[in-house]
Amino acid sequence: MTHWFPISISTYGGDIDRLFYVILVITGLIFVIVQGALIYMVLRYRHREGRKAYYIHGNTRAEIIWTAIPFVIVVFIAAASMGTWRDLRDTSRFPAPDVEIEVTAKQFEWNVTYPGADNRLGTEDDFTRRNQLHLPVGRVVHVHLGAEDVIHSFFLPEFRVKQDAVPGMRIPVWFEATQTGTYTLGCAELCGLGHYRMRGTVTVHEGAAFDAWSAARGAVAFDDETDPEGRMATAGASARSAHSGH
Amino acid sequence: MQSTATMDAPLHWAGHGEPQSFMRRYIFSTDHKIIGIQFLFMSLLFLLVGGILAGIMRWQLGYPSQPMPGAGVLPETMAVDGIILPEFYNSAVTMHGTIMVFFAIMPLLVGVFANYLIPLQIGAPDMAFPKLNMMSFWTAAPAGLIMLAGFFVPGGHAAAGWTSYPPLSATPEYSGVALGQQLWLISLIILGFSSLMGAVNYITTIINMRAPGMTWFRMPLATWALFITAILVLLAIPILTGALIMLLFDQTIGTSFFRADQGGSPLLWQHLFWFFGHPEVYILILPAMGFVSEIIAAGSRKPVFGYHAMVIAIAGIGFLGWIVWGHHMFQSGMNPTLGMTFMATTMVIAVPSAIKVFNWLATMWRGDLHFHVPMLNAIAFVAMFVIGGLSGVFVASTPVDIYLHDTYFVVAHIHYVLFGGSLFALFGAITFWYPKMFGRMMSEALGKVHFWLTLLFFNLTFFPMHQVGIGGMMRRIYDPTQYEFLAPMAPTNRFITIAAFLLISTQLIFAFNFIWSMFRGKQAEPNPWRANSLEWSVPSPPPHGNFPAMPQVYRGPYEYSMPGEREDYMPQHVPAGMPASSPTPVHAG
Amino acid sequence: MDHTASVALDPRRPMPGMGVYNMKLGMWVFLLSEIMFFTSLIGAYIILRFAHPDAFAEPGEVLNVPLTALNTFILICSSVTMVKAFAAIQQGDQAGLKRWLIATATIGALFVGVQAYEYIQLAGHGFVPAVDAYAAEGRPLYGATFYTMTGFHGAHVTIGVLCLLFVTWRAFRGKYTAQSYGGVEIVGLYWHFVDLVWIILFTIVYLI
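Residue numbers (the numbering used here), protein chains in the order written: chain A, 20 to 265; chain B, 822 to 1410; chain C, 296 to 503.
Quick caveat, the hints were computed from the structure, so don't treat them as lab data.
The C-beta atom is built at its ideal place from N, Cα and C for all residues, glycine as well.
Among the hints, erroneous ones may be present.
[Unchecked claim] Here are the simulated EDC-like pairs of lysine to aspartate or glutamate, each with C-alpha atoms no more than 16 Å apart in a straight line:
hint, chain 1, residue 1, chain 2, residue 2
1, A, LYS125, A, GLU68
2, C, LYS319, C, GLU480
3, C, LYS470, C, GLU480
4, A, LYS125, B, ASP1082
5, A, LYS71, B, GLU1388
6, A, LYS125, A, ASP168
7, C, LYS319, C, ASP388
8, A, LYS125, B, GLU994
9, A, LYS71, B, ASP1389
10, C, LYS470, C, GLU353
11, B, LYS1343, B, GLU1265
12, A, LYS71, B, GLU1386
[To be verified] Restraint-style ranges between C-beta atoms, simulated for each label pair:
hint, chain 1, residue 1, chain 2, residue 2, range
13, A, MET101, C, THR453, 40 to 46 Å
14, B, GLN887, A, SER111, 49 to 55 Å
15, B, GLU1305, A, ALA235, 27 to 33 Å
[Unchecked claim] Anything over 12 Å on all C-beta distances counts as not near chain B; from chain C, calculated:
hint, residue
16, VAL315
17, PHE368
18, THR401
19, PHE467
Next up, chain A with everything else stripped away, as it sits in the complex:
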């Protein structure tokens, strides 16, 4: 029954995990100290015949110390978090995109639009796949995230990516995969009846394979195909019919 982070396969996943461990160490130490002190008090000062409590109302120096120390610690954690946050979310610090795709969420599917041969969105050769996010490894990907109906949340656990998809907004997300393979796309914001099965597959390919696939507007199969196009579509349809069944 031990679960921990899924593997990290984005360039910045390690930064997030590292920050987590920094906080884990700090809070872990505080946890041990405070709970240890509590247990000590409980054992050491439990009632005994003839014990009389020490009459004291407080101590200004102690108050100043235990105000200042937590303050310094939280300011440190906030400062340590700022850089990563800006790298991830401040659009002016985004690395230039190699590939731009558009992800539009709707109940209960992810529609991914690829740029096609010209590698540009909004042109005629764009094409769309449902619940299939194909990505090239080692390239900066910009996702333009939108939603058609309600709020969804674009969650790639292995990439350490989560961003709400909000109707009426087009929210930029970037990431770069570091290894090929098949990973998870999930919805992390309650979006209605089918929320729990609003999932897709992320497949990270070699760059050349992705280019060939994209240039052919998805008409060719991947060499490294792990999830043929038909299966996800059928799975989506059967889930839908299962839903209308009850």
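Model the placement of chains B and C on the given structure of chain A, informed by the hints.
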């Protein structure tokens, strides 16, 4: 100021017109103590409902789509052959949160104890506006009934989460829920009026009706916490009411405040909701901190360490609570620069909480600790609140929150604060003030069994949720087995479910103790805990009008173990040189 | 046993409060919550308007500003008459109290009447809060925010008029004196507050 003394509401001291008919005395009573007890019964019932809903959720998560024992009684719209339907699961998620926050914890903390304690602790005969107080309860009760009615309407109850984010909540076509969501909105709007009436009453009473000698810095910390809480309620609830009204208009008459397809802004709701919602979080913990301060001081036979720092910390939390709401929205698409600002304020709000923890520890330091049931629960509060506070630091860090947001890590965090914190404090507070309310002691033995089992099962339920969250499991999903990467967590989810059912079952001990002690409990003295504040100077239960005559206050509320005194406590109303156990003054007129 | 005898047992002994009687303090506290309520509505309006400037019409394009300016003047007059009523009872002038209370309630009702007339006029031109009717104009947000803000203010004025009528009824029964005028004072506080809110609403909804 034009005020004249003659404008003061007439004061009722004991012996003046205690209403005799049953209806006026127990149902439509204007006595703050009866109203507090009415809230107590109501919110304990809702606590039970909320717990059952939690059980339903846990079953589905532990045993996805397997028939739940006993679920056969549910109508076809909720479960088929005992298998929980996703529609009902979403309603259960929504209503567990709504009921626990608005109809269980908040009324337990504020409705019960602000009503019961404030006049008694400040030496007042009743609230400033007793009739308004009665209306406050009789507004809350129908709101509760409307909320429960939602379960039985076509389309089921609201299913958009307790935060009810639009457009899902605003658009029946998307949620499949129309009437249920409307009842949810109407119920909360009505409940808001109840909370407002209460808040106006508490604030006015504390400012204007303190007994002679009860200066601001002689007020017990419970009253201080309730005072700051009342201010938060007063200012936060109207924001929610405004938002609820706009959402109701979106739902019913087709306006488009929050509906993007008509130009509205879904994020506007989140800003309004959390601008209310984060003060609400502190509404749900500040009173608990106040009760714990009372109990730890009395249980340690020692003055609260750093009383002034405690008051400043409460006020500081009350103030900072207004500028941290955006930390619920780091991943919402809000401007990332705002996210940094909210991260900074959020980190800073950890400081006053830390001050309080250190002061509780220092209060116990070199004390004479008596581990009665209230004290055990108060100590558990400190221990659990520390865990909840520390796990909050992870999600306060914006980059870490990217991954942990909307996972079970957050579920674990809020339950360590709301259950491990508020509810443990409430078990302590109910046991502590029970003798005052009902004139009998709760069973110490049953209380201890309940405490230890609850502490054990609570941690077995909620601690593994941190791990499941780190593993990436999202909140509010009906069936985690849909995701391949969550499949290895099935055994942990089952473990949590078993612990949760044991936790829920353990509460039956409390329920039994609560009811049994009312009839069979040991008769309570006026001051069973040998505590100092004014409520312990009067009989248990206190008569109508509370005090035989206006009490005079001579000192602060935590004068325990004063050097040179024979007793280890010195009540606020006893003049210097008199024995601590001096009988309460008799009615002099 | 007798130790409390030395301290005053008189329950009417002033308490360490703010020197403001309960009802008045309670009204002040209540008005704070009212400020927050209107803040949520006005805040929503401001945010939506900044986000979608096109969805809102220029001042005077849809709304009848001169009519509402007149109505604003009417409401301000009612605040003046309210002050007069309060001044009258402080002097013990019962006839003046009744006269000015009736005037205030009447002018308040007139304000609500003009607002109702304005609504009917606007609705006649197709300006309504529901989406379907005027989605073609592309201004669903404008109607929703306009009617919500002014409507809730109108409801507050209406409640104020009812309270004024109640106070007037009590005035006719001789319940207020130069020493005891709490009811007049607190209804006055509420009335001035509602007036003040209108001046803010008029400025941001009609003029800006």
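To see whether the hints hold, each was checked on the structure:
1. LYS125/A <-> GLU68/A: 69 Å, violated
2. LYS319/C <-> GLU480/C: 8 Å, holds
3. LYS470/C <-> GLU480/C: 13 Å, holds
4. LYS125/A <-> ASP1082/B: 13 Å, holds
5. LYS71/A <-> GLU1388/B: Status holds; Cα separation ~10 Å.
6. LYS125/A <-> ASP168/A: Distance of about 6 Å is within 16 Å: holds.
7. LYS319/C <-> ASP388/C: 22 Å, violated
8. LYS125/A <-> GLU994/B: Roughly 13 Å between the alpha carbons, so the hint for LYS125/A and GLU994/B holds.
9. LYS71/A <-> ASP1389/B: Holds: LYS71/A and ASP1389/B sit about 8 Å apart, inside 16 Å.
10. LYS470/C <-> GLU353/C: 50 Å, violated
11. LYS1343/B <-> GLU1265/B: 10 Å, holds
12. LYS71/A <-> GLU1386/B: 11 Å, holds
13. MET101/A <-> THR453/C: 40 to 46 Å: 51 Å, violated
14. GLN887/B <-> SER111/A: 49 to 55 Å: 51 Å, holds
15. GLU1305/B <-> ALA235/A: 27 to 33 Å: Holds - the Cβ-Cβ distance for GLU1305/B and ALA235/A, about 28 Å, lies within 27 to 33 Å.
16. VAL315: The claim breaks: VAL315/C does not keep its Cβ more than 12 Å from every Cβ of chain B (closest is about 5 Å).
17. PHE368: 28 Å, holds
18. THR401: Consistent with the label, THR401/C stays out of reach of chain B, its closest Cβ about 26 Å off (over 12 Å).
19. PHE467: 21 Å, holds
Going through the hint list in order, the structure does not satisfy hints 1, 7, 10, 13 and 16.
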